[in-house]
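Asker: In case you want the letters, here they are:
There are 2 protein chains.
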Amino acid sequence: MPNFKITLEYDGSRYAGWQAQKSKFPTLQETIEKVLRRILREKVKLIGSGRTDAGVHALGQVANFKTNSKIPLEKLQRALNGLLPADISVTKIGEAAKDFHSRFSAKSKTYRYTILNRPYRSAFLRKGAYFYPYLLDLKLMQKEARVLLGKHDFKSFCASASSVKDTVRTIKRISVKHFIPNTEHRTLNLITVEIEADGFLYNMVRNIVGTLVEIGRGRFPEGSTKKVLRLKNRKLAGPTAPARGLALLKVKY
Amino acid sequence: MPNFKITLEYDGSRYAGWQAQKSKFPTLQETIEKVLRRILREKVKLIGSGRTDAGVHALGQVANFKTNSKIPLEKLQRALNGLLPADISVTKIGEAAKDFHSRFSAKSKTYRYTILNRPYRSAFLRKGAYFYPYLLDLKLMQKEARVLLGKHDFKSFCASASSVKDTVRTIKRISVKHFIPNTEHRTLNLITVEIEADGFLYNMVRNIVGTLVEIGRGRFPEGSTKKVLRLKNRKLAGPTAPARGLALLKVKY
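Read top to bottom, the protein sequences are chains A and B. Residue numbering for the first sequence is 1 to 253, as defined by my numbering. Residue numbering for the second sequence is 1 to 253, as defined by my numbering.
Certain hints may be false.
Claimed, not checked - Below, simulated DSS-like cross-link-like pairs (lysine-lysine); rule was C-alpha separation at most 25 Å, straight line:
1) A:Lys232 <-> A:Lys143
2) B:Lys250 <-> B:Lys232
3) A:Lys66 <-> A:Lys98
4) B:Lys250 <-> B:Lys127
5) A:Lys92 <-> B:Lys127
6) B:Lys127 <-> A:Lys127
7) A:Lys127 <-> B:Lys92
8) B:Lys127 <-> B:Lys45
9) A:Lys235 <-> A:Lys143
None of these hints come from the bench; they were simulated from the model. A quick note: this is a predicted structure, and the numbers were derived from the prediction, not measured.
Work the whole structure out from these sequences, hints included.
Answerer: Structural data, given as structure tokens:
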């Protein structure tokens with residue numbers, strides 16, 4: 001059966017995540033599958049590159065599905081965007097190799113975490129950023145983040161509820177930046193943490209950000225990242241930063 | 001009585017505008033006045049620099065009010081942001097001259113209109129941009145916009161329902177730009193129209209944008225702006241572009 005790759009943008013605020021066991025909120029996967037079924041008139045299994053959590057967003061989530069339908073791709077994209085809720089958008093669609101699997105074929109993923117760091121909140125970024133009103137030492141956060149680069153056992157940054165055995169991952173890129181949108185919105189004062197890795201543990205980005213924020217605020221001393229990493233104990237890392245600041249930016253194959 | 005100037009950010013989606021006669025939706029003015037009254041324990045009249053319409057946003061709306069309260073400004077700002085709904089934020093507050101009037105003292109205002117110009121919609125910019133999926137000729141729109149620069153009778157771009165007599169205004173700056181956010185969000189493809197003027201007629205920005213879009217799409221021929229301006233007839237201009245793309249950026253004093 002022909003295999004299709006779709007790239008998705010979504011505002012995760014309203015969803016129980018990509019996939020959920022039991023929840024009163026809809027999941028992204030079931031919402032999109034339902035619309036695909038309606039358009040293609042057959043049951044479709046949508047495989048996502050990974051399960052984004054409840055409230056987490058995506059600018060470049062990738063998923064794939066197989067179908068025998070002969071519908072032209074452009075028409076399929078238009079139909080999907082016509083029928084999907086306004087907080088989900090299909091930005092790209094294309095035929096993929098028969099053995100392409102959005103999860104197993106992925107070489108790396110990039111997440112971005114956005115912190116609104118100013119004394120007063122934003123009327124616009126309510127669901128797209130973590131509002132943190134206290135001064136953060138950006139330089140120190142950058143220095144501490146660099147320690148995480150490379151192959152490490154990230155057990156300290158993995159949710160304790162996770163049952164995964166192998167907690168070794170490779171961070172290929174980590175950047176902590178002052179992000180100034182090129183608009184009149186000069187007062188926004190955003191700090192973004194972008195992490196590209198070959199894989200992520202449960203809550204890994206949010207736990208890393210939570211730790212960097214504690215360091216930036218001065219509640220954890222310099223050198224904490226290294227120490228937390230070495231001791232392999234979730235209790236030593238900072239709190240889990242809120243889901244609303246997190247977005248899956250890109251999946252590389 | 002001491003006079004205070006506040007700068008506001010708001011997502012106008014949920015409001016009947018800054019001020020409205022009758023509406024089942026709240027207005028921004030009454031929402032903020034209510035909170036001021038609660039904090040200052042006296043009735044306060046809030047004067048806005050202008051009435052943004054229902055659904056129109058602001059990044060830099062300015063308003064002023066008089067009070068005898070001795071509350072420190074920083075504390076007042078914190079209290080306001082603590083009690084106001086999440087879609088309104090006070091970004092600045094300061095004491096102003098006794099005769100400062102947010103509307104009459106204004107030298108110019110700047111509005112920005114945002115168009116999302118790509119074939120598929122955005123999961124995020126649902127309320128902050130006008131989604132226009134057809135190709136627009138940016139260069140031609142820029143050329144046609146320049147015609148509006150300077151002092152003109154903008155009657156053609158004024159809502160016909162308006163009762164205003166003097167329809168002459170001066171546009172100090174008008175720019176039509178490709179706006180590429182400096183993020184991974186490269187696919188956004190936004191077009192922004194920014195207009196600074198000494199004053200605006202009712203629906204003036206939205207009618208100018210509606211006209212420029214018709215020109216950019218090729219439905220109005222080159223030279224239309226000049227012709228529409230000269231003939232002083234609202235019926236010749238393009239349709240009123242939707243409120244959700246419009247934001248009051250700045251008020252200069």
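Asker: For every hint, state whether the structure bears it out.
Answerer: Hint-by-hint comparison with the structure:
1. A:Lys232 <-> A:Lys143: holds (20 Å)
2. B:Lys250 <-> B:Lys232: violated (28 Å)
3. A:Lys66 <-> A:Lys98: holds (9 Å)
4. B:Lys250 <-> B:Lys127: Holds, at roughly 20 Å.
5. A:Lys92 <-> B:Lys127: holds (22 Å)
6. B:Lys127 <-> A:Lys127: holds (13 Å)
7. A:Lys127 <-> B:Lys92: Holds. Lys127 (chain A) to Lys92 (chain B) sits at ~22 Å (cutoff 25 Å).
8. B:Lys127 <-> B:Lys45: The given pair, whose Cα atoms are some 29 Å apart, is violated under the 25 Å limit.
9. A:Lys235 <-> A:Lys143: holds (22 Å)
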